[in-house]
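S.K.: Taken in order, these protein sequences are the chains called A and B.
This note's numbering applies: residue 1 is where the first sequence begins, and numbers increase by one.
This note's numbering applies: residue 1 is where the second sequence begins, and numbers increase by one.
None of these hints come from the bench; they were simulated from the model.
Model, not experiment: these values are computed from the prediction.
A few of these clues could be false.
Identical copies carry no separate label here, and so any pair may be met within one copy or between two of them.
[Unchecked claim] Straight-line distance between alpha carbons at most 25 Å, and here's what the computed PhoX-like set of lysine-lysine pairs gives:
(1) K290 - K83
(2) K290 - K84
(3) K165 - K218
(4) K289 - K83
(5) K127 - K167
(6) K123 - K84
(7) K26 - K131
Protein chains: 2
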Amino acid sequence: MAVKVQWPPHLGARLAALRAAQHKKKLPVLLVNYGPDVSYLTGFEGDDSWALVTPESVWLITDSRYSEQVSRQCPWVRMVVRKKGLAEALARIVGRSRIGSLAAQEESLTVREERSLRTALSKCGHKVALKTAAGLVVPLRNCKDAVEIKLIEQAVAVAEHGFEKLKAGLRTGMTENEIAALLVYEMRRRGAEDASFETIVAAGANGSLPHYRPGSVKLENNSALLLDWGARVAGYRSDLTRMIFVGQVPRKVEEIYQVVREAQQAAIAAIKPGMTGNEVDKIARNIIKKAGYGKAFGHSLGHGIGRDIHEQLSLSPRSTVILEAGMVVTVEPGIYLPGIGGVRIEDDVLVTPGGHRVLSTLPNDIGSARL
Amino acid sequence: MAVKVQWPPHLGARLAALRAAQHKKKLPVLLVNYGPDVSYLTGFEGDDSWALVTPESVWLITDSRYSEQVSRQCPWVRMVVRKKGLAEALARIVGRSRIGSLAAQEESLTVREERSLRTALSKCGHKVALKTAAGLVVPLRNCKDAVEIKLIEQAVAVAEHGFEKLKAGLRTGMTENEIAALLVYEMRRRGAEDASFETIVAAGANGSLPHYRPGSVKLENNSALLLDWGARVAGYRSDLTRMIFVGQVPRKVEEIYQVVREAQQAAIAAIKPGMTGNEVDKIARNIIKKAGYGKAFGHSLGHGIGRDIHEQLSLSPRSTVILEAGMVVTVEPGIYLPGIGGVRIEDDVLVTPGGHRVLSTLPNDIGSARL
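Bound conformation, chain A alone (with noise of 0.2 Å):
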């Protein structure tokens, strides 16, 4: 027979939390099928894989490549090695277990999903309810435990090593995809499991383009560098944004960096729990539109991350969000400049009971932007 294994403690309270909020909402058995959810709830790190919670049992599914590394990760779950697909081992269980309905999270089911579902759930032996609903694993994603709180500020770390680690050896004549691969690098060596998302090393007037991709341009002299990185440890991220100024960078961007600097040190000030995300970001907002740059600011001030480097919650013009202990944000105000250059200045945030607390340690003054 075998062995139940206990749930670490971080893992049993996610799952009480969850458990309470399906009893709440009257859907007692959950399909989670989004990979950082069902690595949130099992510990499990692998991809392909879901979980169906029900009041008894929590069954991980998943396939050979996978079914080692669940026996060392999450041997607290009910495996289940699947030889045909997804749908079809679920309505396997749920035809073993007699199970009567069934809900899943419509943010990550897709059509075609939801299809094979309920084919597969219609052969199961017996009638069953399949309802799709707006995920309630996500929304106890928004605020992070010790566990989470602590990886996040590892992940911060990592990234800041490598920023430091990369700034020591910059030099002109590199190239963006030189800059990024030797910031990625230095962050995987001390530990990153990756970066966190595509790093953006954007060089001079490329910096207007707030998602560029690095290519083949060369760091100059006299001008900006704009970095936007962050790294991953253990499935949680940073996310961070620096200028580097090499030499004399045109005024202009010295004048938007301290406009930005600004709006960015204003709205971090306001954090804190029962403020809501529009409010937090009309603070960065009219301080860079009073000095005359609002329609060069079009993207919202700053997101949640977590296991995602864009969570749920964000602090836009649209958000309704009421803050909470233990949400993590980016604040990353910027004014982007066509044919100029761009400068965003970015840090997380840890909202805490009393305000909040930055967890990224990096300076940011105009000073300390000059390499």
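Could you slot chain B onto chain A? The hints should help.
M.R.: Relative to chain A, chain B alone:
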């Protein structure tokens, strides 16, 4: 008045093929909401953007972060810079253009997005029929055109360059993390945008976990190292696996290496137009079975590569795909023995009118595996 920019010929041909498929399926207006599909059709390389293909136009709905990039990368589309949600922006085009029926691809549309679309379309001023159907772009992407094959070849070349640089610098005592960091660094320095997926570096017995992630385990003398890696170049991906034997590896590992290699060579030799995915898989699988390791080869033989690392077509026991010239597949049999280690060998193979061409050039005989 806006000047109409001509589509480049290769994109024009893809668009013509899509419109022919739309005509055949009687779906004249198609929403394309999957990033790699959007890039394939339009040339735009950013995220969070949808394309709408009508008989007259190709619209690209994006946001302010990407507006300058769209103007540079694909001036031939009709760009819409949205202020609100994607669904609302789409409904506005549908309303103004008096589009009466619209299809979306069921594999990439979430249930949530379908709901948002239906809500937005219901407010567009006239009745619109929304149909979700099997994707039309993904099947087109199975067969690569000359531009795509060239990019995959570049992605292979960069990955091989990285491997050779790594091998030259490989030393016992390096951790899996350091090895992965160095490999990715060398690929990026040579022009890869990024690794094409999370690099797998598994030392010793870790090789028995097909999707192992690198950790702090050190490379030891008299052990085997499994590397599964690739590069992304201009959106296209390579995917290779090689073993490196340091000193004298366990005899069992040498034995399964020979079996895996024989299986791989036989499967590659059989690849030509008209073969089915399961036929090719069976050739490799039978050799592994005959050697007594059938249960130790749990995954598929291979998969299509291109803009995605796992594309639609597969070489597997259940695959009914008929190979056609232009398809690019991985061929990657493996044998995994928990506690002892694992062996996998993987190359990238183009189906040609006369048979096949192996795009990867690194030798894989057992002699070349030895460091």
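S.K.: Tell me, which hint numbers fail for this structure?
M.R.: Hint 5 is the one this structure does not satisfy, whereas the remaining hints hold.
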